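Asker: Residue numbers (the numbering used here), protein chains in the order written: chain A, 1 to 335; chain B, 336 to 553.
Source of the hints: derived by calculation from the structure; they are not laboratory data.
One or more of the hints may lead you astray.
Selected chain A positions facing chain B (in silico; Cβ < 7 Å) [as the list claims (entries may be wrong)]:
(1) G50
(2) G58
(3) D74
(4) G88
(5) K98
(6) L100
(7) L128
(8) L130
(9) G178
(10) Y179
(11) V184
(12) D186
(13) P319
(14) L322
Lysine to any residue pairs mimicking SDA-like chemistry, simulated, CA-CA at most 20 Å apart [as the list claims (entries may be wrong)]:
(15) A:K148 to A:I324
(16) B:K534 to A:I35
(17) B:K377 to A:P107
(18) B:K534 to A:T56
Covered by chain A, per the in silico footprint, the following chain B stretches (three or more residues, Cβ under 8 Å) [claimed, not checked]:
(19) 342-351
(20) 370-379
(21) 396-407
(22) 519-529
Small disclaimer: the values here were computed from a predicted structure and weren't measured.
C-beta: ideal position from N, C-alpha, C; glycine also.
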Amino acid sequence: MNDLVLGVETSCDETAAAVVAGGTTVLSSVVSSQIDLHARFGGVVPELAGRAHLVTLGPVVDDALAQAGVVGRDLAAVSVTMGPGLIGALLVGLSHAKALALAWAVPFVGVNHLEGHLYACLLERPDLPLPAIVLLVSGGHTMLVHVKAHGEYAILGGTIDDAAGEAYDKVARVLGLGYPGGPVLDKLAQTGNAKNAPMPKAMRDASFNFSFSGIKTAVARRVAADTSNELAPADVAAGFQKAVVDILVEKAKRAVIETGANALCLAGGVAANSRLRASTEQAADELGVECLLPAFKYCTDNAAMIAAAGWWRLQSDGPSPLDIGASPNLRLAVG
Amino acid sequence: MLGIESATARAGVAIGTADGVVASAEVTRGPRHAEILVPAVKFVCEQAGIALDQVDAIAVDIGPGLFTGLRVGIATANGLAQALSLPMIGVSSLDLLAHGMRHAGNDIVAVIDARRSEVYAARYGVTDQQIKRVMDPTVLLPAELLAQLDGPGDVVIVGDTLADHGAFFALPSAAMLVELAAIGNPVDPSAIAPLYLRKSDAELNADRQPGGAAREGD
Ligand SMILES: [Zn+2]
């Protein structure tokens, strides 16, 4: 049976296309990042993202097909991110993907970007024992998801203010580390001592919600108050990182215990963070459950995860109608 | 020739040849462009009895006009051209408006609302029933445009704005696009780009603040 899906992803600042077989075997995954384009603005500029996606998407799709050695008419489906994300960015991928599906006469599938991130876990471990707890952390999202079965999720909690990745970028800016600051901050933190700059852990309550704006403000205040430059930036970075990671893992751990899940997984761009990976692995060890840390290339936005999610959506719901629109605030459907 | 139009509030698709349009579908102020265009492609092909793989080139309106609308139209056209290995023809929205007025017997000024109190405009002469640009598409204040028109010689103004100044109301249409594209030269899809005529807000703000880039998302 033909099980090849072309995935297309343009929800934020990565233009991506990938071909995945059977929702698990990645034949190609091409990602063109716009980081340099947005760097001088200190954040993603939606209009520039839309302009860049339009220029880049065609060649990226060509690359993905060529690397996979696949022609469009042989595909089982074209799947594309329909939300959440930047509306102007989403619309480029959605329109292009619909046209491809119509012209090749293959099914079209609209996919939720967040579901894509969840499927990044199953890409590498199709046999992952469900139910699982997925800690989805990125520049736009922070949530704890209980994946009960394919397509069946419960959102246990999420951030009430900033996403974790957003807090990383803002603190990196306070420390003058440039944009995007997450990876640089992570590296700097590895050379620092968190004990020299302890930060408050936010929202240590019984809920599965998170709040990062308090930690972010605490860092900014400490740096501003340090007029004699006694604080080492590496220590501040380490203190911040410890505060964020500790609370994320603490709640993820409790989620595993309360739901009786069989696995603990990370997803999203912040899943590339070294301390988060180490702490999550340790937590899973202590709990005696499976741990899945996706490869770096599947943590950040990519189209392989969209192709994988598209394949499973096609199995469960069939194709999407060609008149669907983009949904910038699309939420994860809870089964 | 299959034409995709989405530079203004009107989204449309038409299919035809140099001899004329066989089928078209247009929606103004209806569902969003991204929702209507691809179903409309399917619809006009069915109505015209033409299979998509019989199409020789994809025509698309490259603006100026709504940024997002243009991108939806061009992305749709790009997808079709890529899947079918077809060349593309890009036509300016202002050319389409002017082409529709070529029998008026005067020079033509085509205008499209650029929002923020500005207009996109271009000026055309007409010889042998063919429009010829004498001023390239630009973005300017209506007062600046009208000042340029104060000189000798009559012009007709056509477009979706400046009705107060006697403009004939018109929106670019997919049918006109197919007609005009049929006499154009198809090019490689990589050569097709929108005529934005204006930078993004973030770039404009950064340009205005010497020494510092704009900060978004604070
Ligand atoms: Zn993402």
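Asker: For which of the previously enumerated hints does the structure constitute a violation, in increasing order of number?
Answerer: Result: hints 3, 7, 8, 9, 10, 11, 12, 13, 15, 19 break, sorted rising.
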